[in-house]
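In our numbering, the protein residues as written are 1 to 152.
Simulated from the structure, these hints should not be mistaken for laboratory data.
All of these numbers come straight from a predicted model, not from anything done at the bench.
Only true hints are included.
Derived DSS-like pairs: lysine-lysine, alpha-carbon spacing no greater than 27 Å straight-line:
no.	residue 1	residue 2
1	K71	K60
2	K52	K137
3	K75	K34
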Amino acid sequence: GRLSTHDQQITEASRTAQEALARAQEAGKLAEGKFLYETVLTDDRVHFGFNKHDLSDEAKAALDEFASQLKNEGKSAYVEIQGHTDNVGSESYNDELGLSRAESVRVYLSRQHQFPLHRINVISYGESAPIVDNATKEGRSQNRRVALVVLR
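Hey, can you work out the whole structure from these sequences and the hints?
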């Protein structure tokens with residue numbers, strides 16, 4: 001079961017990275033078309049409170065670590081911040097919540113690490129792209145996440 005879940009997560013990461021790349025290219029952003037890496041902030045490492053988008057101290061520490069790594073990529077790096085939720089609540093509410101979470105990350109990277117806003121895009125997948133089944137509390141927790149896709 002764990003191998004299947006791992007395979008699903010790899011497939012999902014690849015799919016979302018390709019979608020992020022396509023959006024970056026369509027927008028005429030700095031991305032040249034090379035996926036560098038993806039960092040995922042999930043509830044097991046970075047807790048987003050239920051119905052919350054505020055960044056916890058753990059989230060800020062994880063973003064500080066991410067920003068350090070990102071600075072090593074140089075000025076051609078482009079980041080897409082993808083907000084995800086579990087399936088509790090309406091689809092429209094979850095779309096808004098996912099966007100609020102992604103936007104919180106964008107604002108933090110810009111204000112605390114001076115990452116240029118023109119090199120960041122935010123998008124919400126809401127509840128539409130779960131990495132595991134939402135049937136359990138643990139599954140819902142894993143689906144409440146923000147993915148940072150770094151492209152060059």
